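So the sequences go chain by chain: A and B. If you're matching positions, the first sequence starts at 1 in the numbering used here and goes up one per residue. If you're matching positions, the second sequence starts at 1 in the numbering used here and goes up one per residue.
Check before you lean on any hint, since a few could be wrong.
Unchecked claim - Ranges between beta-carbon positions, derived for each pair:
#1 A:P18 - B:G16: 45 to 53 Å
#2 B:R22 - A:E20: 16 to 24 Å
#3 B:E68 - A:R77: 40 to 48 Å
#4 B:E100 - A:A1: 34 to 42 Å
Stated by the list, open to error - Here are the simulated DSS-like cross-link-like pairs (lysine-lysine), alpha carbons at most 27 Å apart as the crow flies:
#5 A:K49 - B:K11
#6 A:K106 - B:K71
#7 A:K106 - A:K69
#8 B:K14 - A:K69
Note that these hints are calculated values from the structure, not bench results. Only a predicted model underlies this, so the values are computations on that prediction, with no experimental measurement involved. Just so it is clear, CB atoms sit at the ideal spot from N, CA and C, and this is done for glycine as well.
Here is how the chains run, residue by residue.
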Amino acid sequence: AQSVTQLDSQVPVFEEAPVELRCNYSSSVSVYLFWYVQYPNQGLQLLLKYLSGSTLVKGINGFEAEFNKSQTSFHLRKPSVHISDTAEYFCAVSEQRGYSTLTFGKGTMLLVSP
Amino acid sequence: DTGVSQDPRHKITKRGQNVTFRCDPISEHNRLYWYRQTLGQGPEFLTYFQNEAQLEKSRLLSDRFSAERPKGSFSTLEIQRTEQGDSAMYLCASSLEVAEAFFGQGTRLTVV
Chain A
1 AQSVTQLDSQ VPVFEEAPVE LRCNYSSSVS VYLFWYVQYP NQGLQLLLKY LSGSTLVKGI
61 NGFEAEFNKS QTSFHLRKPS VHISDTAEYF CAVSEQRGYS TLTFGKGTML LVSP
Chain B
1 DTGVSQDPRH KITKRGQNVT FRCDPISEHN RLYWYRQTLG QGPEFLTYFQ NEAQLEKSRL
61 LSDRFSAERP KGSFSTLEIQ RTEQGDSAMY LCASSLEVAE AFFGQGTRLT VV
């Protein structure tokens, strides 16, 4: 079984500042890693994913994440945030097998203010 | 293709009533998933279909919950004898490959 820990429930930041949202996971098998964003009363939209290869993954809207196997982390970063980035961000993990369901963290609310 | 579609978007029901939600996945996707999300939490897996076969069910899915995907296309999730604890957002997702699931906008259920 896997688990995901998002250490911060809320991250307040000013517009144009950099941000890092932290994610740590636990699993006894190899995994795929994902970040999803959720706007109020909406479903989830995939920001980026790590399947294999380069540990630095670039996604949509200027976000990127780095997979660190030794620290079992997959932190999400953006060098300069916008007001429109205000949303809930979820880190998720799935086992590398024929099919696999997602295990999500509890989410981090990113609050961008002017 | 308009993505994963869920109906209704909102449902208010009285405790004890039955409710049914529908999910239309992206047309070529053979994998379909249901998740439940409560306030302040991440989504939790409920059940998974590959084509019309229900291959996995979470322990969260009590006997009052049943899901079907009769022709391998749309899916329904029924909750019988609803309880207040069933109030949540029910999310459907579909995928073609293992690694990328596309989510619908969800059905928000309120049990009063």
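Structure-inconsistent hints, enumerated in ascending order: 2, 4, 5, 6, 8
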